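What follows is the residue order along each chain.
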Amino acid sequence: MALNEIQVLLVDDEKEFLETLVKRLVKRKLDASGVGSGEEALQALKQKPADVVILDVKMPGMNGIETLREIRRNHPLVEVIMLTGHANMEVAIEGMEIGAFDYLTKPVDMDELLYKVQDAHQKKTLQEQKIGLIQAATQAGR
Amino acid sequence: MLRKDVSEFPAGSSAEELRAAFKARYLSFRLLLSANNKALEIMAELQEALRGSQPFSMSLVRANTTAVSVNVFRMIQNLDNLAPGKYGILYNRFKAIEEEVNRKLASRRLPPGEELVIPLEGVDKDMADQVGSKMASLGEVKTVLHLPVPDGFVISAAAYRRFLEHNDLQNEIDRLLQTSSMEEMDTLYELSANIQQLIIRSTIPPELEQAIMDAYRALERKACEGVKISMRSSALGEDLAGASFAGQYRSELNVSKENVLQAYKEIVASKYNLQAIFYRLNRGILDEDIAMCVGAMVMVNAASGGVMYSRNPLDIRDDSVFLNSAWGLPKSIVDGRMASDLFVVSRKKPMAVTARQIATKDIKFACDAEEGVCRVEVAGEQSRLPSLHDEHILELARLGLMLEEHYGAPQDVEWAFDEKGAIHILQSRTLKQQEPKELAVLPQGCGSLRSDILLRGGSTASPGVGCGPVFVVRKDSDTLLFPQGAVLVTAQALPRWAALLGRASAVVTEQGSVAGHLANLAREFAVPALFGLPGATELLRNDLEATVDADGLKVYAGRVEALIDRSPARKNFMAGSPVHKVLEEVAEHIVPLHLIDPDATGFRPENCRTFHDITRFAHEVSVKEMFNFGKDHRFSEKMSKQLVCKVPMQWWLINLDDGFKEGVTGKFVHLEEIVSIPTLALWEGITAVPWAGPPPIDAKGFMSILLEAGANPALDPSMPSPYTTRNYFMISKNFCSLSSRFGFHFSTVEALVGERSAENYISFQFKGGAADYERRLRRARFVGEILEQFAFRAEVKEDGVFARMEGYSQKFMMERLRIIGYLIMHTRQLDMIMSNEAAYQGHRTRILNDINEALKPSAVDGYIENVA
Chain A
-11 MALNEIQVLL
-1 VDDEKEFLET
9 LVKRLVKRKL
19 DASGVGSGEE
29 ALQALKQKPA
39 DVVILDVKMP
49 GMNGIETLRE
59 IRRNHPLVEV
69 IMLTGHANME
79 VAIEGMEIGA
89 FDYLTKPVDM
99 DELLYKVQDA
109 HQKKTLQEQK
119 IGLIQAATQA
129 GR
Chain B
14 MLRKDVSEFP
24 AGSSAEELRA
34 AFKARYLSFR
44 LLLSANNKAL
54 EIMAELQEAL
64 RGSQPFSMSL
74 VRANTTAVSV
84 NVFRMIQNLD
94 NLAPGKYGIL
104 YNRFKAIEEE
114 VNRKLASRRL
124 PPGEELVIPL
134 EGVDKDMADQ
144 VGSKMASLGE
154 VKTVLHLPVP
164 DGFVISAAAY
174 RRFLEHNDLQ
184 NEIDRLLQTS
194 SMEEMDTLYE
204 LSANIQQLII
214 RSTIPPELEQ
224 AIMDAYRALE
234 RKACEGVKIS
244 MRSSALGEDL
254 AGASFAGQYR
264 SELNVSKENV
274 LQAYKEIVAS
284 KYNLQAIFYR
294 LNRGILDEDI
304 AMCVGAMVMV
314 NAASGGVMYS
324 RNPLDIRDDS
334 VFLNSAWGLP
344 KSIVDGRMAS
354 DLFVVSRKKP
364 MAVTARQIAT
374 KDIKFACDAE
384 EGVCRVEVAG
394 EQSRLPSLHD
404 EHILELARLG
414 LMLEEHYGAP
424 QDVEWAFDEK
434 GAIHILQSRT
444 LKQQEPKELA
454 VLPQGCGSLR
464 SDILLRGGST
474 ASPGVGCGPV
484 FVVRKDSDTL
494 LFPQGAVLVT
504 AQALPRWAAL
514 LGRASAVVTE
524 QGSVAGHLAN
534 LAREFAVPAL
544 FGLPGATELL
554 RNDLEATVDA
564 DGLKVYAGRV
574 EALIDRSPAR
584 KNFMAGSPVH
594 KVLEEVAEHI
604 VPLHLIDPDA
614 TGFRPENCRT
624 FHDITRFAHE
634 VSVKEMFNFG
644 KDHRFSEKMS
654 KQLVCKVPMQ
664 WWLINLDDGF
674 KEGVTGKFVH
684 LEEIVSIPTL
694 ALWEGITAVP
704 WAGPPPIDAK
714 GFMSILLEAG
724 ANPALDPSMP
734 SPYTTRNYFM
744 ISKNFCSLSS
754 RFGFHFSTVE
764 ALVGERSAEN
774 YISFQFKGGA
784 ADYERRLRRA
794 RFVGEILEQF
804 AFRAEVKEDG
814 VFARMEGYSQ
824 KFMMERLRII
834 GYLIMHTRQL
844 DMIMSNEAAY
854 QGHRTRILND
864 INEALKPSAV
874 DGYIENVA
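Chains as they are written, first to last, in this note's numbering: chain A, -11 to 130; chain B, 14 to 881.
Some clues are possibly wrong.
[To be verified] Anything over 12 Å on all C-beta distances counts as not near chain A; from chain B, calculated:
hint, residue
1, A119
2, D187
3, N555
4, R857
[As the list claims (entries may be wrong)] Each computed DSS-like pair below joins lysine-lysine, with the alpha-carbon atoms no more than 25 Å apart:
hint, chain 1, residue 1, chain 2, residue 2
5, A, K112, A, K34
6, A, K112, B, K36
7, B, K51, A, K46
8, B, K108, B, K594
9, A, K118, B, K637
10, B, K99, A, K118
11, B, K746, A, K112
Read the hints as simulated data drawn from the structure, not as lab findings. Note that the structure is predicted; figures quoted are calculated from it, not measured. Every residue gets a Cβ at the ideal spot worked out from N, C-alpha and C, and that includes glycine.
Next up, chain B with everything else stripped away, as it sits in the complex:
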């Protein structure tokens, strides 16, 4: 049987050929979708970097630019597989954009810093490539903000490379790594110890030793002879690996002159501590991509020290300053091991201490007279006294706000007061705030906030707080009525709503990815947006005033002034730096989206000006190409099997891949043998309510059928043709294409439904009819309205309906396919009775009843969390 089919191949109708064609297209389509998601994700990352609230390096820019171009290129390739040659012009557009991007990257190549040691007062945020991001941040505080940071210097990435070269260490380290078995924890311990010892035994090249000691002597002149210093790791390449590296490397406190070089080697060696080796190995980070820079600063012999958070780390809405403080060095708090005092300061002027918890602090860390630190007991009453008095608390809090203002993001600051009562900043980095786990304690005066929360959850698609009257947009025509300054509420984050961003004060959607087009655009327009709130279109009613807190993931009833005031003004702290400039220039060819409306005449490949445009265009047309499969392919009837559902039915199935259970042979296939998810859902809808037969026709309706049939022979059901009289399903496990024809009515359903929601898709077309044009128009409008009611995007063009739905969960998509199945069966001859508005409303009520009773579809995808 198979052989026979193959022999028909030249005629272009073999089963195998059809199957192979389908599988290839299906794979290309999936690959295109995954490249699309990846490309959009990276664009979101680039935008985040552009906002510049923390230092980033050229490596980050390069890595992301490369990843975006590869994924866009893959999209074009896969689109080319779907429709060979048809969109070839995209390759030209890609080349042109790529050349621009490369030119900008090349022209701005930053000179590699060759200085071995750099004084801290010369370091700023642009030097992350030379001194690591940690010291770049601290240097910025000293050099640009002129805040009290101890004097110091950084032993640079160039120094690290010189040190390795001088001892030929990289080769030796590679050899050690290669000859060790990585299986046993014991061997790993040994390996880590061996490499660290190797480094510690190595000699520092004379010119580096000279540079370090010169810098030390310069410090001596500023402070005092024999000044002790702190030495901290500041690894380069941390922003590539994410924050996971933080705190894995070593710091040395209170280092004496004699031990500066030794401490340097020990900190460099900590690159090979156990966790770090393990982490790099498992993430495939190249050993040579991590350079250890070391920051050295005059040691502050602290009377008290600790950590300050410029906002509540556990509650993104709480803008109070939090201070943890203890006697002695901040080490006890940084390590998180000992009891400490907590002070909370309100930032409203005049600033005031609003809460204090004083702990018994009977042990502290202090500088040893010789070297290093020691634990000292704190005796008697002093252990129970506050470790800071209010004047110092407020001074610190003010500094915290200045740092936050400068970096444009909440800060995590390590600080110390010396014995003379002078303040010193030892580290400042971006604080990651968390969503409160439960109803967290809101700052004073905001206690009333809780009662009016309408919705909570979702994810921040674009940060900020926005307020205005709610306006729910369900279909295109709604956009015409959208008021200035309203909160846009919609089921899905579709790019087509982008046109409203100029008028919207905030966006709330039930579905949608924060890496998607609309999220990208919302960030570009700086419109706060909160995505992924199931039930939003039901719960938020038009004209209700609402405050959308996109950072705090909540929607409140009414205007919540406190939130609107407190929305942190995000400030771009990297702006103006060379790295930021490069990113800006490069991003200009990547991020902006010009092709928004797929129905516009300008939606053409030659109009793609950025990678985002190509992404959008390729995604849109790929869907079209993929779902044209049924239309473009003809097949031999032998391939199909007749459906048996107790008795043989007038439906045939063609298995394209894995739509049947194994071992189905012969002319028939039983319903139980079908495993195609979309097919089964559709079939349930088709059979859910028995068809009552054609509705009674009024006399005029019957006349119009006769007239049309005469005028258009293609509509004559008596004309025999295998493709028009039989209803075919083409199926695989997750795919279904059904072309059906009942008399004068023609419909096509194509669907892709599976566990990966982002790839799910339904397209439905309904056309034809035998009645006069007026009645057919009325029926098309009728079907379109019903579909829109169930979250389809439906478009009525003349007497045809084109509906689409994408990106919902498998369960939801299956429910929607059941509705389609029902509609195929039950609306087929409605046009004959669509004589007047009354009949129209009557049928509408009946059909909606049927759907709700028999199919019980959920109103929205997912569950509704209604806190109100």
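Here chain A stands alone, though its shape is the one from the complex:
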């Protein structure tokens, strides 16, 4: 799987960190873009699909957990990696239970992030294939 086929959306209110990370992901040949809030993220997902969302947990306005919940509701196939500077176990586990793919704490290790994005994308692809098969099967069964 070529990396540039993976569409990544970064959501973080810290603009300078967001820009640096997007740049570094693009440099690693990912199709990455960034937005500054949960609301913007939901808008962006409506316009352009993403495979993996990297989501800061602590943001003003709609926080990470709410955003995650909305993403899971409206785009159940999109995989979400949670990101935070403040280690907080309850939030981390809550996120995982709602269906986040994984949880990373800042400082972010680039290689680790990249592995996680690849793994998350692979999970999404498999999920899509499975659904495709079930649909094909139900149609064939009619």
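With chain A fixed as given, assemble chain B onto it according to the hints.
What follows is chain B alone, placed relative to chain A:
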């Protein structure tokens, strides 16, 4: 063709469904393994913190606790994907443990310090959250050890926050950071300069100004009016980022009363120097997570000063005290720019100076009469004189040992002698010692050490030095003979050897992660352990006496008293502190391992009491679940392709993912079109030595076949069944599952082999046979022994053999698969001729010859570095 398969989906046998199922399981398995490694790594970090040789903050405890729980949770989730619902009880166990951990974290929430300025004599190691780790360490030296540290105070993290709030600085800084492009170095320079100026221009809130100046006046009363002070950064959050931040911030020396507030702002501003901005940005460290505390102390106008290492920083085995010294302020040495004297002191009582190098020191730093420091020339003879006399050298060395004793770790100490000859300690922090690059100069009297090094290298899994007779453990039965106080030597760091830790004086392994279970346990039992010494089981012979130096990464022949004496007693300096207590209570639910033996009846999910237990359990059963794939899945024959190796062979392959080159269509697949690493290795073994046909059977053997075949129709080869007559490989690039059946003999191989050694795995089962029970038992034992000889863990249960191997390099795993391939072909009907011990030994010799000649396997993984 594809469409046709899909239409068969409801019947549960489509190619696509099988492939999808495989890929999903394979992904889950990989994710589980990586979460497992991460969780174990963090547990090792928690244990290191528990040993408490340096101050740590609550943030460190929280960050690590969270990371462990997330990874354990991921393991459970992925195990649930592999075996839906089967281990659901793990979720309950997880919840229960998590609640305990949270309760302990919450009940011990430390009150945030709100004091703006704290006198140094009130600071100790527990206050890292208020004053930063650097000043917490120094305060401990003054307050608890009562060693000579100049009087002073710390402007706290609370003060830093107050200063920022008062000027609404955080918002303004964020704005500046956001509006700048981070691409150009020029813009970064500008940004850094702008923010620093912004801070320097800001006003200090009146209450903070008051507090700082009050503290200064208190110093004046202790020292003298108009006393000059040194001001040093002590950033909070450094232990989150690792040591990389050290030395990036500013210090101001010889500050006068008028400039105290200005210097404070300048040091706070140095949080935004270029390297620091760059570093935080690239590591994603939140700006607001770093608080700048500033330590202020009475300035020592040093006659001579420098740095002391309580041990040789370049050689972990050298316990001499090293002193670098120069005229004037220690700044010249801390900056590392000017020539200095070196003194080496032996710590053996009575302590003595064992070496001295006197440099020409014609420039020194001195306090300027007005403010700040200046460079002064040192004229004539004085520049060539030693900057310390022996009495002072020994006094310093004694202090160094006291500090080391207190912190339980070697120290890096900044010191100064004032003009009256009184000593002052200006900083003390943990010294990171290095492994000597070459054969470094050993301390006097230890010169003989070098000749008897048996092995060197590897990594420290548990610190310390241990000595005893070597005992090599290869299989379970060896553990019964393990003598008290022996050095445990084994190929892999398996958790099953944990039972020996109570009896072992040290552990040496050829393979194994220092973050693994056995390493964890060795640390818990305080047994020195050295992992990753290829060839150890060959080079270290039973009963040979050996000294294992886990810190110095060496194994010596015989008993090396000097090392055993010199092994630094590690002392827990954080013990008893509130932060340490929290960590201790929390770690109790994370680190201990109760589920050790997977064959024990208690190895059940409901018995998981800690996160470590869950990790161990989930890892163990995930392997089982993953490698049951071949057994649990039935497939349609249409999916398979017949192997062509010049001519079509009686072997079929099913490509689960990426096991073939692209564009393979039709009924056949050629050997050259297969890219599956484990499959090719196995095939090489299968074809390495032509099979001579069934061995001649003695008359009794033939009779027993007839009898068994009659009694058990399932063993009758004449019964047609597609699954029993054909040999199927299910493959992907790194995976292979082969179920083969030749007549009465049934074997299964499953293997995962690729570049990530930690994920590599082979499992092999061999069962059945048509001869009488006695002969089948003998054959199972025969195969088991051969496998153990080649580093498999083999278990013989009745007439079956179950063998496993994991964690070795790709190359090694491939060699082992070749042996399996050979064994599948060549041991299939041995049971018919296993009539007596003589025949047994004969076949054993022949088969071992074959393997060694045709397959040439390496004895051990990796290369052997034999220094002896």
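For each hint, the structure was consulted:
{"no.": "1", "hint": "A119", "verdict": "10 Å, violated"}
{"no.": "2", "hint": "D187", "verdict": "8 Å, violated"}
{"no.": "3", "hint": "N555", "verdict": "43 Å, holds"}
{"no.": "4", "hint": "R857", "verdict": "45 Å, holds"}
{"no.": "5", "hint": "K112(A) with K34(A)", "verdict": "18 Å, holds"}
{"no.": "6", "hint": "K112(A) with K36(B)", "verdict": "12 Å, holds"}
{"no.": "7", "hint": "K51(B) with K46(A)", "verdict": "24 Å, holds"}
{"no.": "8", "hint": "K108(B) with K594(B)", "verdict": "23 Å, holds"}
{"no.": "9", "hint": "K118(A) with K637(B)", "verdict": "24 Å, holds"}
{"no.": "10", "hint": "K99(B) with K118(A)", "verdict": "22 Å, holds"}
{"no.": "11", "hint": "K746(B) with K112(A)", "verdict": "21 Å, holds"}
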